[in-house]
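Student: These are the residues of each chain, in order.
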Amino acid sequence: MEQTIKKNKTKGTFSPGKVIDLVAQKRWLIPLTLIVVYVIAFAVLYPSVFLTKYNLASLLLEFSIPAFVIIGMAIQLINGEIDLSVGYVVMFSNVCVACLIVLGVPVWGAIAITVLFCALIGWLVGVLVAGVGVNSFIATLGSGMAFYGLGLMVFDYGYKYGTNNPNPNGLDLLHLPDSFKNIAQLQIGGFQLPVYYALAVIAVFVVLMSKSKYFKQYYYIGMNKEAAELSGIRVKRTKIAAFVISATLSSLAGVLLVARMGSGATTLGVGMELKAITAVVIGGVSFKGGRGTMIGAVFGGLFVYCVNNALRITNAPSNLYKVIEGLILLCAVILDAQFSKRKIVG
Amino acid sequence: MEKTKQRKRGSIFQFVIEKRALALLILILVFCLAFSLVFPDTFGTLGNFSGILLNMSAEGLIVVAIVPLLIVGEIDLSLGAVMVLGSILCGRLMILDDMNMWLAILISLGVSVLCGLINGIIVAKINVVSFIATLATSMIYLGIAVMLAGTGWTDFPDPLFRTLGQGKILNIQLPVIYIIVIFIIMSLLISRTRYFRQCYYIGGNAKAAELSAINTGKTKIVLYMIASGMACISGIISAMRFNSALTSIGAGVEMRAVTAAVIGGVCFTGGAGTMAGAAMGALFVACLNNALTIASISQNMQNVITGVVLILAIVLDVVLAKKKAE
Amino acid sequence: MKRQKVMKWLALAMAGAMTLGGCGEAKAKNSSSEGAETKTEDVSDEVYVWACQHNSLPLFVNNDYIGMDLIAEQLGVTVKKIGPQEIDLPAFVAAIEQEIPQKPDGMMVVGWDASLATAIDKAMEAGIPTITVDADVPDSQRLCFVGSNWYDQGVEQAKAIAPYLEGKKGKAVMIGLPGANNTVEAANGYTETLAKLAPDIEVVTQVYDAQSNAQVVAETVGNLLKSDSSILAVAGFESACGPGISQAIKEADMVGKVYGTCVDAEAEHIQCIKDGTIVAACGQKRHFFTYYGVRMLYDYKHNNIDFTGHDAEIGISPIPTEVSTGFIVVTPDNVKYFDQE
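Residue numbers (full-length UniProt numbering), protein chains in the order written: chain A, 1 to 346; chain B, 1 to 326; chain C, 1 to 341.
By construction, these hints were calculated from the structure, which means they are not laboratory data.
Built from N, CA and C at the ideal position, the CB exists for glycine as well.
Hints should not be assumed to be uniformly reliable.
[Stated by the list, open to error] Coverage of chain A stretches by chain C, computed from C-beta distances (three or more under 8 Å per stretch; other residues unrestricted):
id	segment
1	49-56
2	256-265
3	303-313
4	316-322
In isolation and in its complexed conformation, chain A is listed as follows (with noise of 0.2 Å):
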């Protein structure tokens, strides 16, 4: 839903209500000067150490993988829904994968047959949001503590598994093949693989964003639920599409983390789902769904990644992390709340 901007008589005047208009317009231009003004400022206060190509490349692979959860989350809230559950997602995937390779399943099968056991999970809890009508918070929660509870146990047998392993090359969750490993580990120009699986990600979900018809639907369904489905939109097969597309993205982040930290663990993706929904929001996702793109949820995501640098760099007591994270993510809230008390009529 575009937002028609105040059309200022005095064309040429850089008035501040203009910018002000165009800012509420294009949320994203928030995380995205912040980020340009981080990167301006530490190459100039730190080039040693921020410029390197080292460092940028460590910070962009950081942010990869939760980028894959964050372009699921932004859908969910778009869409009006939210979705608790992709932190443990993140966390089964990354187990089940490494324990199906340790039994012997070849790479490629375990990660399509880990992949598909989510989205189908994610099929199944969108028909309860969708269709049953359950609310997603709930239906999430319970969803999350399920696949957390089976992460855990194939944890376990992959364990137990492992290390009474008859199999001679002495595969363990903590031993997983180079073949693997190299799907998130081997560098082009140095940066590492997975930068570039979220490069390709971010730009066909931006394009579909704001591009095809069918992707638009979310915000009309965000905006008023039955509204659309009075306009003709198939609201129930739409919002389970948006699970089944934030489980599947959720477990691809789960298959590259464990090849990138190169060993299966309980603690891998714990936590993500709210990291993802500060990232979005703070790029100008509504919490109430119908409004925000595609691309501030990546700017947003891009932007808190850059602080965590930016604390490391300059050496912050860490301690300060959380609370710098809180006060911006509050910020970032406020800031939504005044915008969309604002009402822009052309």
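Once you have looked at the hints, place chains B and C on chain A.
Tutor: Chains B and C only, in chain A's frame:
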């Protein structure tokens, strides 16, 4: 112990005959009876039941805190952080600054209520969605708590402090008594006072409530303050039990509280549900987990089962609501 | 106008936060030059890094930090701490990776998980001498491990509890971090020693998960004690276990029937000994982790020990591969020496 439970719950039932609470209570009793027959020495003992109640006492206060907020259609994700903050602050004042126990508790309570005030203002006045607002404040409060924690606070100097957490009256642990008392008070407040009954109107239809001259903003702010106060008390009781203020408590406690409340019939979007129901929900989950551990079902499976129970509960709610509408 | 004001404050706040952060770095540089003594080499700008997660854990603040500060002062170098506040492996790895361009003179990594190997190897390949402390990551290229021998930790706990199990028949359970190298080693030490010293006691093979949370330990052990009355001993291999086990024994009313042993001897663990629930708190000499950790890294750079004349070329290390720091076992007999004011 069973007799005392029923006696106390009987008095509440006179005011709140909510189908869900009653149904759950029956379910719990049947379940416990059945399990006691299968595992007479381990599940069906007095010690076990009092253990269940004791473990519930810390997080039970959070359930009591969050139910009024859920009824008005809001949520508070910062309760775990306030729990830690209250406990750490109290510990720091008593151990580092050698402060009198009651003064330290009072100050911690004051700071926590202030946190609740901030939450309430952000949600009710600045109009930020409560999920995200309290997510942000939880990060800030936890960060402050960690900064204050320093080297951790153990071994409280005041023996009364320890007794309040570890003592017993009539062979019932004190924390259990605290939570039963607080629960009764809050139940009565919500069901009998007009001020709190307004919460249901606000939760059901906020605009209509505004029009009928209910100050929704003020009510929400007060509820946030009460919730944070209770979270603080919960943290302090935890410190009393362990005789140390730890930063490792309270993680994920809000979600568990919401789970218990929803199983107990509290509608997540507001306007329905009772304290009794939520209490039954919490009790049910606690009994279930305890029974599963005794039956040697792994903790991981318990997570799965709890998740499934949650979903079943809410599906039931939705289906029943639809049937009612027909 | 209101919007502008908000934006202005936001920008100011950001600038303020970054300046505050910058101040931290400036202060660190100052203190190192103050502490420098005149030596043959000026080492005042050497920076050694301690990388860990869950950084403000009182256990670390009380012990590791003190060791770090002491050696920093004695050698005239700076020790810096990096890593996330909470348990977050990807952020931990990112912290290590983003530290590499700052080219520290050495890095100590607390080996929370085997997946840290990738980050450790990256640091080594970038030319930064890296060692592990407290918990090892054996599959990495780390030069040395400074910490407790965890197998011995299990042995100590078994030795301490054996007298209480004399002539009895029953079970012993263990609780810790099931995936961690430390717990696995300790479990082996405990099981094998107890098999010799108390053959009638069956040690349950499954190690329960403490989740680094004392309340979880209290609940888990509590449920175990109630479900199986043949349990006579509980061993804890993680810091949160001691208070949790003690709590569980008290709440199950089994003081004097069930005994516990645990790792670490902080104030809260010593409290448990006084309560009669824990019979041995095997404290690690944690100050040594960082003290000898920095020492190893410093010696790596400065000790000029070369066995063959071309050690560096053929990959021979001038420092030991393992420094085993030992234990302080607190029991009811010697607990009076550990009264903290």
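Student: Would you check chain C against the segment 303-313 of chain A, counting CB to CB pairs closer than 8 Å, and say if three or more residues qualify?
Tutor: Coverage by chain C holds here, the residue count being 6 at a Cβ distance below 8 Å.
Student: Please check whether the segment 49-56 of chain A has three or more residues whose CB lies within less than 8 Å of a CB on chain C.
Tutor: Contact hint for the segment 49-56 of chain A vs chain C: holds, 4 residues under 8 Å.
Student: Quick one: see if chain C covers the segment 256-265 of chain A, three-plus residues with Cβ-Cβ under 8 Å.
Tutor: With 6 residues close enough to chain C, the hint holds.
Student: Can the segment 316-322 of chain A be counted as covered by chain C under the rule of three residues or more with Cβ-Cβ separation shorter than 8 Å?
Tutor: Since three or more residues must qualify, the claim that chain C covers the segment 316-322 of chain A holds, with 7 doing so at under 8 Å.
Consistency with the previously given hints is maintained throughout, with no hint failing.
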